[in-house]
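A.B. asks: Same order as they appear, the protein sequences are chains A and B. For what it's worth, the numbering used here labels the leading residue of the first sequence as 1, then goes sequentially. For what it's worth, the numbering used here labels the leading residue of the second sequence as 155, then goes sequentially.
Source of the hints: derived by calculation from the structure; they are not laboratory data. Heads up, some of the hints might be wrong.
Unchecked claim - Lysine-lysine pairs mimicking DSS-like chemistry, simulated, CA-CA at most 27 Å apart:
1) K76(A) to K150(A)
2) K245(B) to K76(A)
3) K745(B) to K102(A)
4) K491(B) to K143(A)
5) K247(B) to K143(A)
6) K712(B) to K54(A)
7) K149(A) to K761(B)
8) K143(A) to K744(B)
9) K245(B) to K143(A)
10) K564(B) to K705(B)
11) K732(B) to K150(A)
12) K761(B) to K150(A)
13) K565(B) to K289(B)
14) K149(A) to K247(B)
15) K510(B) to K321(B)
16) K732(B) to K704(B)
17) K260(B) to K207(B)
18) K7(A) to K63(A)
19) K260(B) to K247(B)
20) K289(B) to K564(B)
21) K245(B) to K149(A)
22) K564(B) to K245(B)
23) K102(A) to K150(A)
24) K449(B) to K63(A)
25) K273(B) to K761(B)
26) K102(A) to K732(B)
27) K143(A) to K273(B)
28) K150(A) to K247(B)
29) K564(B) to K143(A)
30) K143(A) to K745(B)
31) K761(B) to K143(A)
Model, not experiment: these values are computed from the prediction.
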Amino acid sequence: MTQELSKFDRIIERYERSEESLLAILQDYQREFQYVPEEGMRRLSEVMGVPLSKLYAMATFYKALSLVPRGRHTIKVCTGTACHLKGAPQILETLERELRVKRNGTTEDGEFTLECVNCVGACAMAPVILVDEVYHGQNRPSKVMDIIKKQVGS
Amino acid sequence: MGTINSIEELDRYRQKLAAAVKPNLPTVLVCFGTGCQANGSRLVAEAFTEVIKEQGLQVNVNLGIKTTGCHGFCENGPLVVLRPQDILYLKVKPEDVPEIVEESVKGGRIVQRLVYQDKVTGEQVAHYNEIPFYKHQLRIALRHIGTIDPTSIDDYILAGGYAGLAKALTMRPEDIITEVERSGLRGRGGAGFPTGTKWRSCAAVQSDVRYVMCNGDEGDPGAFMDRSIMEGDPHAVIEGMIIGAYAVGSHQGYIYVRDEYPLAVRNLSIAIEAAREKGLLGKNILGSGFSFDIKIIRGGGAFVCGESSALMRSVEGNVGEPRAKYIRSVERGLYNKPTVLNNVETWANVPEIILKGADWYASMGTEGSKGTKVFSLVGKVNNTGLVEVPMGISIRELVENIGGGIQGGKKFKAVQTGGPSGGCIPERLADLPIDFDSLTKAGSMMGSGGIIVMDEDTCMVDVAKYFTGFLVEESCGKCTPCRDGLPRMLDLLTDITEGRGTEEHLAMLEELCDLLTWGALCGLGTSAANPVLSTIRYFRDEYEAHIKDKKCPAGVCKALITYSIDPEACTGCRLCAKNCPQTCITGERKKPHVIDVSRCIRCGVCKDVCPYDAVRVS
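Construct the entire structure; sequences and hints are all you get.
C.D. replies: Below, the structure written as structure tokens:
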């Protein structure tokens, strides 16, 4: 348990003891653990002297934060307007069907999390997907699985 | 060199940098914007470095490589610009590099197959400024993007950076505010509030502490100019903020950047650090006695945080919920102190306005909207990307001259502007000049400048449903009209797109729109009905086709369409049958195939893979 705690403390220590740092710390949790662990929020609440309920409110409000672990690979389908017009719904459906997972869900084997994101600002390359933060543009339903397989090597 | 302690020192430093530049030295610029990186520009840059190193032994070619921010022509990336000739090469692959070095860098000749080709006339254009996409542009906010290395403060200073700040520091703060007022600059983030007025109100409030903030939470889908500026010219934003802070008397600034923009966070952080080292941020800036510093806050992926009061709550370390607008943030903003919050593009304009004067800026644009505006021209148009043009250009000029017309020779139907708070403007109003007031009058708004072009294959009811769905998800849930009204609107729109719509659906939709416009708490809520209202206003016939005829004229709404194969066009290549996830396409090789409509899930894969365009949607 101590080891677990120090894991959180290492992140907390990077920032000033100010409420301004709360969101950044929760985001670092997310990056490090692929989710925001409850113990991490408890520790943060203790160190900063803020109620746990406030951290829970933040963790559920901000889309970048998740209370359940995400898969090893995250696939983000951009569903911004330009991508929507250029076929993002078909890309999303294809992925839901092929990966057997619904949007914002994680595959049973914990391999992939499928998410939607509202515009990644790469509209000129629509429709866009991000596989572990790597951008792929001009996607087509028939090719999108190959792109993912090629990148993650499975 | 360490800190720059005075305005004179800054000038001397710039001269020193200029003296070190070798004129006529060939330069290769490889775009390192998000789009080009996705298309592999890093490998292209590596190939250049390698070829130059190899050949450097045999031939004496002096070559500087710079990695730049986004040129805006992302669809054609990776982009490579050769200087001094200003040749632009598109879609460059690492294997093209030896030829470019041999032919262009050493030989001064043009590699024809890599230059821009007009999709309509077939004409080839090699020089950057002659390409229609760039020819009609006037770049102020984007002035350095694509020509300087955003991670090098020296590059920025050499290009005239921080000269606006130097001039501002010799002016009285109130004169700076007057200058910005006279320039007619209005906020580029959406609402178009006059920037100078905002500054004056903030400066007038009695307070020991004031804040200046930059809204980099670019949330409107379809707009990415702020990302491009933060990534490609971060010092322009920082310089603008220092000037603003000096004018209103603030010593602490914040930049709130969207979580989805990691490269922007990185480049801004590098720039802030470099500005501190040079004494352009921190204590006693350029020896003026004025102190100011900037902190970056990463957003958490919530659309509502682009709203000013929600953004401030988020910076304070709270859930980002807006508050009622009768308390103005220039009086009580961040931590209840007077705060100036401007958008990225607005800040990037400020140094140029100070440097070149209000009259220069006000000479461009229209009566009520001065200067230029960056638009992200995306959707069903041939040339997509970021363009900066004077205010008042018509929608048609933008789509046809700069955008090169509609893709695939299809019919231009509408443009959507202003993101989820904006609306759709039909083709018949395309001669409308684009400025803050005319767009609002047409039932849309400027928003952050996303121009999404729609063609005959776009269903306007689906577009309205798309935006409403977006807003349902992004509503913060604080006020009832937005939290509960939007989901009811989505239900109604879903009914219509799935063939269950009646005349009452339309009437009820209009009633709910009215409720939102008058009853919601924040700007996002009160404008949330615009996508529905504007599509009903201009495309009522499409709604009626869905309701009365149970048809989707554009062939988009899944419940109302069927896929079939045109036996005339089908060659029986079997590609569709092989790819169909339902295996519901049958037929013999080299004979027309047939789709079993009862099992078809309308996924569109057959249409996507068909090389003969034989799949029909009706």
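A.B. asks: Against this structure, judge whether each hint is valid.
C.D. replies: Status of each hint after checking the structure:
1. K76(A) to K150(A): Satisfied, since the Cα-Cα distance of roughly 16 Å is no more than 27 Å.
2. K245(B) to K76(A): 25 Å, holds
3. K745(B) to K102(A): 37 Å, violated
4. K491(B) to K143(A): Roughly 53 Å separates the two Cα atoms, so the pair is violated.
5. K247(B) to K143(A): Since the Cα atoms of K247(B) and K143(A) sit roughly 21 Å apart, the hinted pair holds (cutoff 27 Å).
6. K712(B) to K54(A): 42 Å, violated
7. K149(A) to K761(B): 23 Å, holds
8. K143(A) to K744(B): Holds, at about 24 Å.
9. K245(B) to K143(A): Holds, at roughly 20 Å.
10. K564(B) to K705(B): 20 Å, holds
11. K732(B) to K150(A): 21 Å, holds
12. K761(B) to K150(A): Given that 27 Å is the threshold and the Cα spacing comes to 24 Å, the pair holds.
13. K565(B) to K289(B): 25 Å, holds
14. K149(A) to K247(B): Within the cut-off at roughly 23 Å; holds.
15. K510(B) to K321(B): 10 Å, holds
16. K732(B) to K704(B): The hint is violated at about 32 Å.
17. K260(B) to K207(B): Given pair K260(B), K207(B) holds - Cα atoms ~14 Å apart, limit 27 Å.
18. K7(A) to K63(A): Satisfied, since the Cα-Cα distance of roughly 23 Å is no more than 27 Å.
19. K260(B) to K247(B): Roughly 19 Å between the alpha carbons, so the hint for K260(B) and K247(B) holds.
20. K289(B) to K564(B): Roughly 24 Å between the alpha carbons, so the hint for K289(B) and K564(B) holds.
21. K245(B) to K149(A): 24 Å, holds
22. K564(B) to K245(B): 25 Å, holds
23. K102(A) to K150(A): 22 Å, holds
24. K449(B) to K63(A): Between K449(B) and K63(A) the Cα gap is close to 22 Å, so the pair holds against 27 Å.
25. K273(B) to K761(B): 24 Å, holds
26. K102(A) to K732(B): Cα-Cα ~24 Å, so holds.
27. K143(A) to K273(B): It holds: about 25 Å lies between the C-alpha atoms, which stays within 27 Å.
28. K150(A) to K247(B): Within the cut-off at roughly 19 Å; holds.
29. K564(B) to K143(A): At roughly 25 Å apart (the allowed maximum being 27 Å), K143(A) and K564(B) satisfy the hint.
30. K143(A) to K745(B): Since the Cα atoms of K143(A) and K745(B) sit roughly 25 Å apart, the hinted pair holds (cutoff 27 Å).
31. K761(B) to K143(A): Holds: K761(B) and K143(A) sit about 13 Å apart, inside 27 Å.
Comparing the model with each earlier hint shows violations of hints 3, 4, 6, 16; every other hint is respected.
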